[in-house]
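Peer 1: Given chain A, work out where chain B should sit, using these hints.
Next come the chains, spelled out residue by residue.
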Amino acid sequence: MDVIDQRTITTVKEAVAARSDGALLSVTQPHPDTLYFAIDKRAMPAVVDGLVNEMRARFMISVGTDKRPVTGEFAILHLFSLDREHLYILLESPVAEEDLRIASITGVVPGANWAEREYRDAIGVHPEGHPDPRRLLLADDWPEGVYPLRRDFPYNYQPPPAENVRPQLREPPAGASVLPMGPFFPVLEEPAYWRLFVEGETIVGCDTRIFYNHRGIEKLGESVLTYNEIPYLAERICGICGFIHSTCYCQAVEKAAGIEAPRRARYIRTIMLELERIHSHLLWLGIAGHIIGFDTVLMQTWRIREPVMWLCEEISGNRKTYGMNTVGGLRRDLPNQIKPKLMETLAEVEKEAIAVRDAVVGDTTLHARTKGVGVLTNEWAKKICTVGPPARASGVAIDARIDHPYAAYDEVPPQIATQEAGDTWARVLVRVGELLESIRLVREALSAIPEGPICAEIKEEIPPGKVGVSVVEAPRGEAVHFVLTGGDNRPYRWRVRAPTYPNLQALPAMILNETIADVPITLGSLDPCFSCTERLETIDRRTKEVRIYSRADLLEMSRGKARRRGAP
Amino acid sequence: MFLSKLREALICLKAGRVTLGYPFTPHEPKPGFRGKVTVDTDLCFGCGGCANVCPAGVIVVSDQEPRQRVLEFYWARCTYCGKCEEVCPEKAIRLSQQFETATDTPQDMYMRLEVLMGPCQRCGRCFPPPTVLDRMMKTGFRNSSEGGRA
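Listed in order, the protein sequences are those of chains A and B.
So the first sequence is numbered by the numbering used here: it starts at 1 and just counts up by one.
So the second sequence is numbered by the numbering used here: it starts at 1 and just counts up by one.
Same shape as in the complex, but just chain A (with noise of 0.2 Å):
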């Protein structure tokens, strides 16, 4: 890892101390690339307006934290980063139950927009001075005044059900009219839905709700699972980027409880990570060229990235839950006579992805559809703290492979590319590129690999209070998972920041003055995915015969099943 400058750390401390005007409480360094300050809530504006404007961090996301039971309050963390420093930069401020108020940081740092309101939603700090306090996280017929992530809150506890409630969405300007798209729409990754306020073909505006798919994660995490169960729910948290989220927290955890995973581990899964990132780029622009409506590009992609899902198969027993992290390392070898076979799949995928780059590069078709489509300025991205691919094409050259180096990526370094135009053509040059950087990491890592044990052995209890950051480069951008080790064996807060997060929050920039058909692309360009089928084909193996069910053979066969169950 890369050592960190004993000048960064005394700056930050210096800027943090000077702008926080004596409210700074206490400063520790839990790890050597880990800041942590504890500042008076009344501070909290002008010493982030310090680090982002004069030191240019970047802002990550913020924790909130039920402390009461430990310190009888409450602690709004914020979570920055300095990429090329290194360095992790935390402020949390307690925030006493009797005043639970905190200033709001989003007029500083628009990209904190969300994660202010999420934390205000899950236990109950208002961002004053938010320009946007609305309801983000929770159900639209939610009661008020129930906050899920506080500690006194039963996990399993369901509200009733209430009629009639609709989410609160802004109304169009005047003369525009109001275009819904959603919540379920065959580009998005889940149900969200965009209120596009539209002037003829021209948006002039968008609003939206998302969070249709909030499934409580944290929340079982922290009050049902252990340390060891997590990794598999953690693996869920996305279709396609499993084993990165899996990684992700258990790094987190090794970070918290000062547990290294061995090399071996460490490369093992630099190399899923990489065929991860190959099978989810192929899978994308496979995507962007179904929504732009050039289905060849989807058939053939996905065709190319078919044996990358069979090779992750045969190494971990399953194609996409791959089941193999474990906090200290890894529950399962790569066997070493796999990697010819593997050596050739990436051969041939690579030759296959060349091909398919060089098509479609010349191809006027793409260039007319994505040239100077979704346009996100490289001051818009750095405001809205976009990450990954929709960054780097807007000239943001950020990577945490680079920015923190984890797992091997200290010994294999990615080259990464940039694009300066910052439109949808740039995001596809982009990840293409980084497809077959990622086809070279994988072959570096797999020709350095040393031999080794693949789990480190825990002798003692994680201790209690302690704090983790880790971040994993998605193939959609930066994810992040924040630990504070807690009693039980399980984390006492375990916070997940998934890519799409923040690179969302990007597209109303993105799509303001576009017209109506350009907005799919656009948002596909951030991170798609494909809406569930309609319909139900069974075929009788032993006639042969094909039978197409339809929506309402379903329906009709689900009612007459609850029927004879005796169901109501």
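Quick list of the computed label-pair ranges, beta carbon to beta carbon:
1) A:548 <-> B:87: 41 to 51 Å
2) B:86 <-> A:68: 32 to 42 Å
3) A:199 <-> B:17: 40 to 50 Å
4) A:171 <-> B:98: 52 to 62 Å
5) A:552 <-> B:111: 29 to 39 Å
6) B:23 <-> A:552: 22 to 32 Å
7) B:102 <-> A:140: 28 to 38 Å
8) B:41 <-> A:335: 29 to 39 Å
What the hints contain is simulated information worked out from the structure, not anything from laboratory work.
Please read these numbers as outputs of a predicted model, since none were measured by experiment.
Idealized CB from N, CA, C, for every residue including glycine.
Peer 2: Here is chain B on its own, set in the frame of chain A:
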């Protein structure tokens, strides 16, 4: 323009048919595939280690009567992580290669295993004897007429 279309056509033509014949031809998963969990009831001696590590809570252990431990398996919850296979000291619980698990009878998703145990003479609760040899010496641990190995 024309050139790139030609290239694309060439890629498609070269690929040919790539879909598998499944379900008309059988599909064999790769070795090491984590499929449906199987339990060898003869080998299980009821230590409950699998229930202890299962992240999804598939396995529920209860001591309902003296000398009897009941393991209930709610298969619908299984996430195929394979932790149970990892900890089982008798290799009684294994992940098979079976992946066609769809069913329309709810009973298929439930299994109940009753294991005869040696109860503690003081507290009366079941406990697994520490070693294989101990188990063989213990009377009433497993009814030999059931054909169990130990």
